[in-house]
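Full structure from sequences and hints, please.
Protein sequence lines, in the order shown, are assigned to chains Z and U. FYI, in this note's numbering the residues of the first sequence are 27 to 142. FYI, in this note's numbering the residues of the second sequence are 871 to 982.
It should be emphasised that the hints constitute simulated quantities derived from the structure, not laboratory data. Just so it is clear, CB atoms sit at the ideal spot from N, CA and C, and this is done for glycine as well. Keep in mind that a hint or two might mislead.
What the hints assert, rightly or not - Partner residues aside, some chain U positions facing chain Z, computed with beta carbon under 10 Å:
| no. | residue |
| --- | --- |
| 1 | 874 |
| 2 | 876 |
| 3 | 907 |
| 4 | 912 |
| 5 | 915 |
| 6 | 936 |
| 7 | 958 |
| 8 | 960 |
| 9 | 968 |
| 10 | 969 |
| 11 | 973 |
As the list claims (entries may be wrong) - Sample of chain U residues at the chain Z side, in silico, Cβ under 10 Å:
| no. | residue |
| --- | --- |
| 12 | 889 |
| 13 | 905 |
| 14 | 910 |
| 15 | 911 |
| 16 | 914 |
| 17 | 918 |
| 18 | 920 |
| 19 | 952 |
| 20 | 956 |
| 21 | 964 |
| 22 | 974 |
| 23 | 975 |
| 24 | 977 |
| 25 | 980 |
| 26 | 981 |
As the list claims (entries may be wrong) - Subject to a maximum C-alpha distance of 25 Å in a straight line, what follows is the list of computed SDA-like cross-link-like pairs (lysine to any residue):
| no. | chain 1 | residue 1 | chain 2 | residue 2 |
| --- | --- | --- | --- | --- |
| 27 | U | 926 | Z | 121 |
| 28 | Z | 43 | Z | 92 |
| 29 | U | 911 | Z | 73 |
| 30 | Z | 70 | U | 892 |
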Amino acid sequence: DAMVIQNPRYQVTQFGKPVTLSCSQTLNHNVMYWYQQKSSQAPKLLFHYYDKDFNNEADTPDNFQSRRPNTSFCFLDIRSPGLGDAAMYLCATSSAMTGAEDTEAFFGQGTRLTVV
Amino acid sequence: ELKVEQNPLFLSMQEGKNYTIYCNYSTTSDRLYWYRQDPGKSLESLFVLLSNGAVKQEGRLMASLDTKARLSTLHITAAVHDLSATYFCAVDRGYNNNDMRFGAGTRLTVKP
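Next up, the structure:
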């Protein structure tokens, strides 16, 4: 059974039209991540949450926002998508308990965003 | 800031050959991950390495970690075509700095 679920799998949005991507998890992990991955590139960390503490990467554009209303859900909001924001967006979770047996990080299937 | 360097970026191998992918990172870290990614797909977890000297093996892949050298290796033994994919290492600093960051990836092609 999928443990990290991203919706939708494919999203087409118009240039400048706000869009929200969602991620849910059944693992009760306290850390959640959002990554942007463009073709033939490595995943780039946009931000991550440690519980409710939000950590924004210095080079993440202001156009990208995130919300984590509870442990299970996390959202990525793109306020005014540009053509350069077309990418695969990946959500991941992990447990931050150092030394814990449950150390694996799990990724969702990703949302492929197209901007037209 | 944590930096993760991976090499080689491209690797073309003959079936049956062995090779090693290297992953260096710049600061003390809590966990090191290896992932596989097929075209158009998400990331598949291969290994998580926690401590110095850790070695894990799954099929034809073996990963190791040297925390003193800040180096991890992914060794491929007797490569087969099905191993063709992109392999990423990622490092998590932990200790409340859970910023899991990726190397550039190694695109592996195994030829018959």
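Please write out, lowest number first, the hints stated earlier that are contradicted by the structure.
Of the numbered hints given earlier, those the structure breaks are 6, 12, 19, 25 and 26, listed in rising order.
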